[in-house]
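Visitor: Guided by the hints, dock chains Y, G and W onto chain L, whose structure is given.
Residue numbers (this note's numbering), protein chains in the order written: chain L, 1 to 147; chain Y, 148 to 294; chain G, 295 to 376; chain W, 377 to 458.
For the record, the hints were derived by calculation from the structure and aren't laboratory data. Owing to the predicted nature of the structure, the values given are computational and were not obtained by experimental measurement. Mixed in with the good hints there might be a few duds.
[Stated by the list, open to error] Straight-line alpha carbon distances no greater than 27 Å define the calculated DSS-like cross-link-like pairs of lysine-lysine that follow: (1) Y:LYS271 with G:LYS312; (2) L:LYS41 with Y:LYS168; (3) L:LYS21 with L:LYS62; (4) G:LYS330 with Y:LYS271; (5) L:LYS124 with L:LYS41; (6) Y:LYS188 with L:LYS21; (7) L:LYS124 with Y:LYS168; (8) Y:LYS209 with L:LYS21; (9) L:LYS62 with W:LYS412; (10) Y:LYS271 with Y:LYS168; (11) Y:LYS168 with L:LYS21; (12) L:LYS62 with L:LYS124; (13) L:LYS124 with W:LYS412; (14) G:LYS312 with G:LYS330; (15) Y:LYS271 with Y:LYS209; (16) Y:LYS188 with Y:LYS271; (17) L:LYS58 with W:LYS412; (18) G:LYS312 with Y:LYS209; (19) Y:LYS209 with Y:LYS168; (20) W:LYS394 with L:LYS62; (21) Y:LYS205 with G:LYS312; (22) W:LYS412 with W:LYS394; (23) L:LYS58 with L:LYS124.
[What the hints assert, rightly or not] Label-pair distances were calculated between CB atoms; the ranges are: (24) L:ARG87 with G:ASP356: 28 to 38 Å; (25) L:GLU48 with W:ASP440: 50 to 60 Å; (26) L:ARG87 with Y:ALA155: 46 to 56 Å.
[Said to hold, decoys possible] Here are some chain Y residues the structure puts well away from chain G; computed CB gaps all over 10 Å: (27) ASP154; (28) PRO156; (29) ASP185; (30) LYS188; (31) GLY189; (32) GLU197; (33) GLY201; (34) MET202; (35) HIS227; (36) ARG246; (37) SER264; (38) TRP269.
Glycine is no exception: its CB is placed at the ideal position from the N, C-alpha and C atoms.
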Amino acid sequence: MRVVVQDAPFDFGREAESFAKAQTNMGAVVTFTGIVRDSAKGDMAVMEIEHYPGMTQKALEKIASEAMERWELGDALVIHRYGRLHRDEMIMMVATAARHRVAAFEAAEFLMDYLKSRAPFWKKEIGADGADWVAAREEDDDALSRW
Amino acid sequence: MRVVVQDAPFDFGREAESFAKAQTNMGAVVTFTGIVRDSAKGDMAVMEIEHYPGMTQKALEKIASEAMERWELGDALVIHRYGRLHRDEMIMMVATAARHRVAAFEAAEFLMDYLKSRAPFWKKEIGADGADWVAAREEDDDALSRW
Amino acid sequence: MMDVLYFAWVRERIGVPKERIETGAATVADLVEELKAREERYEVAFSDLSALRVAVDQELSDFDAPLDGAREVAFFPPMTGG
Amino acid sequence: MMDVLYFAWVRERIGVPKERIETGAATVADLVEELKAREERYEVAFSDLSALRVAVDQELSDFDAPLDGAREVAFFPPMTGG
Numbered sequence: 001m002r003v004v005v006q007d008a009p010f011d012f013g014r015e016a017e018s019f020a021k022a023q024t025n026m027g028a029v030v031t032f033t034g035i036v037r038d039s040a041k042g043d044m045a046v047m048e049i050e051h052y053p054g055m056t057q058k059a060l061e062k063i064a065s066e067a068m069e070r071w072e073l074g075d076a077l078v079i080h081r082y083g084r085l086h087r088d089e090m091i092m093m094v095a096t097a098a099r100h101r102v103a104a105f106e107a108a109e110f111l112m113d114y115l116k117s118r119a120p121f122w123k124k125e126i127g128a129d130g131a132d133w134v135a136a137r138e139e140d141d142d143a144l145s146r147w
Numbered sequence: 148m149r150v151v152v153q154d155a156p157f158d159f160g161r162e163a164e165s166f167a168k169a170q171t172n173m174g175a176v177v178t179f180t181g182i183v184r185d186s187a188k189g190d191m192a193v194m195e196i197e198h199y200p201g202m203t204q205k206a207l208e209k210i211a212s213e214a215m216e217r218w219e220l221g222d223a224l225v226i227h228r229y230g231r232l233h234r235d236e237m238i239m240m241v242a243t244a245a246r247h248r249v250a251a252f253e254a255a256e257f258l259m260d261y262l263k264s265r266a267p268f269w270k271k272e273i274g275a276d277g278a279d280w281v282a283a284r285e286e287d288d289d290a291l292s293r294w
Numbered sequence: 295m296m297d298v299l300y301f302a303w304v305r306e307r308i309g310v311p312k313e314r315i316e317t318g319a320a321t322v323a324d325l326v327e328e329l330k331a332r333e334e335r336y337e338v339a340f341s342d343l344s345a346l347r348v349a350v351d352q353e354l355s356d357f358d359a360p361l362d363g364a365r366e367v368a369f370f371p372p373m374t375g376g
Numbered sequence: 377m378m379d380v381l382y383f384a385w386v387r388e389r390i391g392v393p394k395e396r397i398e399t400g401a402a403t404v405a406d407l408v409e410e411l412k413a414r415e416e417r418y419e420v421a422f423s424d425l426s427a428l429r430v431a432v433d434q435e436l437s438d439f440d441a442p443l444d445g446a447r448e449v450a451f452f453p454p455m456t457g458g
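Excised from the complex, chain L in its bound form:
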């Protein structure tokens, strides 16, 4: 299990490849990558991601540990950036490895559902005429009830 919180970009292809290659006898690897989209207004210049330095790493490790246990994963990876990001830049990724596909998919979705509304990150869209904090979506909170 590896959890990384950083402002620097990460190399998705290299991370995905080395995660998959490091597995032994795992039949299924799933990755999810979150990418900066434009704001609903369509004028976003930059996204600023704030986080809670003392808490973030611990919170992500707790979520990843829970996934490891619930699905008997071979491995799990979480990388999440903070700071200023531009459109189409990668914000974060998760990867899961399991013997069968259902476990790998479920664990990746579980990680994403928890990262969305239980990891201390806040996104601000900075556009031509001002900045807006991204509001949490009610369905993201509802998604947790699945687990």
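Guide: Then chains Y, G and W, alone, in the frame of chain L:
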């Protein structure tokens, strides 16, 4: 949309990276990679994947097209190998890109469920004392009823 | 004339991957009966149709599908892709 | 003494990311009442608690959680990770 059927290995990291990088304003990219596991007996030397050359490409394209339509994907990728593979080698991958994570996950699961039991591939495990065709699992057929 | 293809253990039991046959079978099921009547290896391979799948002209199909105009029929076990 | 941290728009409304305060508040809710009584900017920031989340010593918590022994309390809007 890209569908590739080949005997040669593919470069998962490079494929995943270039798939994700080619997207515009898609917030979510999911990949799935299928990897050769040992047989239940634990003596597998090699896995032989047979396919139906005339039909495979068309069948995969049909499945991928249906995913593209059902989830309004930005893009979809399917790579599937045939021939002789060793343990921990990658058999296949899919990738999906969508605006939101739920669509990207669902479309990738849909692709996998259909590839499992509707794409003309047959796996044979060749071990120390003989060879066995991998039996289709009933739950893989049941999985289709979800869609 | 019609191409009949066999894959995986169906191919192994019948002993050839492909053969060209002359047939007037109206449906896939009729073709199966014709083949079973030929030789024992066909009878063995087609003994349990629930364990088999069929494609007509490279599209997944059913055993009661008509064969008029079909140029290629393939028999194989349930697929195991992915 | 206790560190109180604010993130995202809570930080912007209160005007500082962090402050060290002397408090005898028994629960998070008591602390909120104490802060609201201080100045209007706190009253504005804490006007709708349903729009806020709280962490006590870097663990997600509730507004009725006790504060005995707590060294750090953080207030912030619902998180938007991923």
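Visitor: Checked against the structure, which of the hints given earlier come out wrong?
Guide: 8, 9, 10, 17, 24, 25, 26, 32, 33, 34, 35, 37 and 38
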